[in-house]
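Trainee: Using the sequences plus the hints, can you model the full thing?
Protein chains in written order, with the numbering used here: chain A, 1 to 180; chain B, 181 to 339.
Some clues are possibly wrong.
Chain A residues, not near chain B, derived (Cβ > 12 Å throughout) [what the hints assert, rightly or not]:
id: 1; residue: T20
id: 2; residue: A81
id: 3; residue: R100
id: 4; residue: R150
id: 5; residue: R155
id: 6; residue: G161
Label-pair restraints from in silico Cβ distances [to be verified]:
id: 7; chain 1: A; residue 1: V160; chain 2: B; residue 2: R270; range: 40 to 48 Å
id: 8; chain 1: A; residue 1: R150; chain 2: B; residue 2: R270; range: 39 to 47 Å
id: 9; chain 1: A; residue 1: R96; chain 2: B; residue 2: R317; range: 21 to 29 Å
Calculated directly from the structure, the hints in this document are not laboratory data.
Backbone N, C-alpha and C define an ideal beta-carbon position, used for all residues, glycine too.
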Amino acid sequence: MAEPDPPASGGPAAGDRAATARLVRAAQRGDTLAMNDLLDELAPFVGRICAPIALDDGPDAAQEALTVVFRSLRGLKEPAALYGWVRTIAAREAVRVARRAARAVPAELAELPAPGDPQLAADIRDVLARLSPEHRAVLVLRDLEGLDERTAAERLGLRVGTVKSRLHRARDTFRKAWSA
Amino acid sequence: MTAGWPTADPDPVRRLHALAAGVRNAHVTEGVVDAPIDVVWPLVADLEGEFGKIVTDMARVRVISRDGDRVEASAHSRFGPRARFSGVLRPGWCWLQSRFLLVGIAAADRGDGRTTVAFTGGLRLPGRAALVPVGVRSEGRRNLARLAARSQAHTAAER
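Mentor: Here it is, written out as structure tokens:
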């Protein structure tokens with residue numbers, strides 16, 4: 001379910017990972033103060049994943065993702081996998097909340113800009129608003145979290161072939177739509 | 181890398197809901213207090229005074245030490261003798277545990293002069309993230325009502 005990941009943008013540095021692992025174990029043993037500390041550590045990370053996917057519903061998504069995290073924490077077998085596990089939960093919950101909010105644009109209109117696209121940097125929120133929640137999630141996992149598109153799609157339970165073909169087809173369309 | 185990307189910061193009340201989800205049998209009582217957070221929160225933060233009038237599970241609270249937002253305290257509990265509590269107290273957030281008791285309180289400014297407040301906690305299965313499933317709802321409701329009453333009394337006294 002969850003494997004160790006490379007350090008994420010919001011994940012701890014190597015020197016802090018042992019401390020985080022100790023915190024996870026203490027929380028799993030029932031120390032609610034350790035759970036409190038883990039919440040402090042994870043909330044900003046979850047907020048960074050959820051907001052670009054759920055947009056205005058980012059706080060809702062972050063709450064729901066953190067709820068799943070703490071409800072399921074005892075099931076996390078390997079504390080080193082914490083950030084990868086939380087990242088997947090956050091992205092999936094954000095997609096679910098965004099879809100529930102019925103603000104999704106049709107997936108076939110959703111196209112992803114290329115990594116490092118200057119137009120993306122120009123106005124991220126405007127770009128995000130053009131995408132479906134699933135594509136926003138792939139974009140966040142790719143551009144913020146450094147996963148490749150295939151891995152991102154797999155984490156989200158999306159069909160990799162569909163995502164890849166859309167990504168290849170997308171870039172020209174995206175630019176045309178942007179410059180129109 | 182993250183510059184320009186939107187971020188979300190779940191407020192303390194949202195955080196309390198999430199944290200309570202990890203405590204078996206915990207219930208979160210949430211309500212709106214008709215007073216601004218700068219009236220409401222100092223009552224909660226007054227551990228040796230007002231706190232025990234609101235959270236009556238803990239009486240005669242004595243602060244043993246503070247280090248930043250960390251607090252160590254002792255209190256009499258209606259469930260037993262004096263116990264040592266450790267936890268976190270900062271604006272909008274209070275989370276205290278002893279071996280036998282758990283108290284969580286969160287507050288968020290609604291932006292209209294009122295405050296959303298949430299309570300959780302109760303009698304703890306010793307050392308575990310689990311509560312005895314008795315009275316967790318009614319105690320939250322009573323805590324919220326007492327905090328609302330104390331807040332309104334303070335607001336009236338200041339006028």
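Trainee: Next, verify each hint and record whether it holds.
Mentor: Do the hints match the structure? See the list:
no.	hint	verdict
1	T20	holds (16 Å)
2	A81	holds (18 Å)
3	R100	holds (16 Å)
4	R150	holds (20 Å)
5	R155	holds (19 Å)
6	G161	holds (28 Å)
7	A/V160 with B/R270: 40 to 48 Å	holds (44 Å)
8	A/R150 with B/R270: 39 to 47 Å	holds (42 Å)
9	A/R96 with B/R317: 21 to 29 Å	holds (28 Å)
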